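Chemist: Here is what each chain is made of, one letter per residue.
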Amino acid sequence: MNISTDPWIWLAAILTICIFSFLYRDNFFYRLAEHLFVGLSAGYLIALTWHNQIYPNLFSPLFREGNLMYLIPLTFALCYFSRFIPKFSFLIRLPIAFVLGWGSGVAIPAVFQRDILKQIQGTILVGEAFSRWDTGLGAIIVMIGVLCTLIYFFFSQERKGILKPISNIGIIFIMLGFGASFGYTVMARISLLIGRFQFLLGQLLGLIK
Amino acid sequence: MKIFGLFLKIPRQVVFLTIAIAVALPLIIPLGMPVNIMPQSKKLFDAIDDLNENSEAVLISCDFDPQSMPELYPMLVAMLNHCFSKKIKVILLALWPQGTGMVEMAIDDLASKYNIKSGEEYAFLGYKFGVAAVLLGMGENIKDVFPVDYYGTPIDSLTIMHDLRNYKDLSYVISLSAGDPGYRAWLLYAQARYGAKLGVGVTAVSAADVYPYVETGQVIGLLSGMKGASEYETMVSRAGYSTGDLKATQGMDAQSLGHLIIMIFIILGNTGYFFARRKK
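So the protein lines, in turn, are chains L and R. Using numbering that gives the first Met the number 0, the first residue of the first sequence is number 0, and each one after it goes up by one. Using numbering that gives the first Met the number 0, the first residue of the second sequence is number 0, and each one after it goes up by one.
These are computed hints drawn from the structure, not numbers from a lab. These numbers come from a predicted model, not from an experiment. The beta carbon of each residue, even a glycine, is placed where N, CA and C say it ideally should be. There's no promise every hint is true.
To be verified - Chain R residues, not near chain L, derived (Cβ > 10 angstroms throughout):
(1) Lys8
(2) Ala19
(3) Gly118
(4) Thr158
Unchecked claim - Using 30 angstroms as the maximum straight-line C-alpha spacing, the simulated DSSO-like pairs for lysine-lysine come out as follows:
(5) R/Lys86 - L/Lys117
(6) R/Lys41 - L/Lys208
(7) R/Lys8 - R/Lys41
Using the sequences plus the hints, can you model the full thing?
Modeler: Printed below as a string of structure tokens:
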């Protein structure tokens, strides 16, 4: 056992234990650590926004270098604050319209490529997939899974006749997806716990070799 | 049958305490369970392992913060160990503001070990706000988006950046992602639009969402959570490269035991529920 003498390690350890104390029940120490975290995060983010965004991208070019072109983004940015003045609140639409228009224009073709075209290509059965029996079987299962799941979400037709068993198979695939996601979520949460224990048992108490 | 009724009345504090003990014990007394390598992790390792010192640089984007450190930081360290051992050039950046701290920590740990210098073996571009503009801009010219590196050095003065213009001049882009912005943004702007070869390391929560992209080849390889990190550490170690602390591998015994306890509690809870319902 090699207990740390670093005060910062002790501070981090005490705050970690304060947060863990919520597992017993809500208490003052948990709320203290929680409020400290929220306050620090907000302060850090404000400082970061100023130093990384506002100063280098607006303040410095406009006020130090005198580049008047930057008055345009400044005006747009100030329009966001117009919602606090009811008479001029309509001005907020300008920057929102710009951001939405630009964002949609840039994202829509790329999303189509990423999530639709490529995924359809990946679902189509091609000869290459059958070069090995296991990849061929996998390709068939993916194809069946996609079709059955899509039919499950086809709401324009009542689920009876052939549609009923197909959509039931769809439910199985959806449940498998949910199960995988849940399993991974448990794994993620245990990983975070391990991370804290590695800190407490390793860096603080020196129990991990 | 009374015992089954008790399963439904286990206090949550008992559940938490049992899991805490199950996780803590293997960290102090390791069980040495084997680490099996998943094919998608192997693909990513092989992709980087095929590179050499004359290859184009690998870009690693640290899109995570300290909250995801147990899962993603070991991936970053293992990857840097792999690249620096093979003298592969590395460009680092962060789409999350706190990601810069993660990179600094990793570089501080490894700088003396490999005698690496900023601008020669690696470049750290830092964090830039506005993910879409940043990633699209990098597709045209990285130097326009990052005129100076994280330390304020003009990018043109860095040797590593001389022949580097955009994604075409990179071997791979690796996103270590804990959410948004992260691998989805890299897929959207760098891979779909500019054809960048993308590898991904994610927290386990997002892993199931990445598999479809691995299947279609949009993502060359995937590391999923702490398990993925331990796989990469193991592969780097088995290949004979220097690894340093195997933080993720060290946690895998605890992970397995933690899962076992959770499974036992799920079975107990369901058994109790089943018998309680039958009694009614």
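Chemist: Against this structure, judge whether each hint is valid.
Modeler: Hint-by-hint comparison with the structure:
1. Lys8: The claim stands: R/Lys8 keeps its Cβ more than 10 angstroms from every Cβ of chain L (closest is about 17 angstroms).
2. Ala19: 8 angstroms, violated
3. Gly118: 21 angstroms, holds
4. Thr158: 25 angstroms, holds
5. R/Lys86 - L/Lys117: This hinted pair is violated, its Cα atoms lying about 34 angstroms apart.
6. R/Lys41 - L/Lys208: 28 angstroms, holds
7. R/Lys8 - R/Lys41: Judged against 30 angstroms, a Cα distance of about 44 angstroms means the pair is violated.
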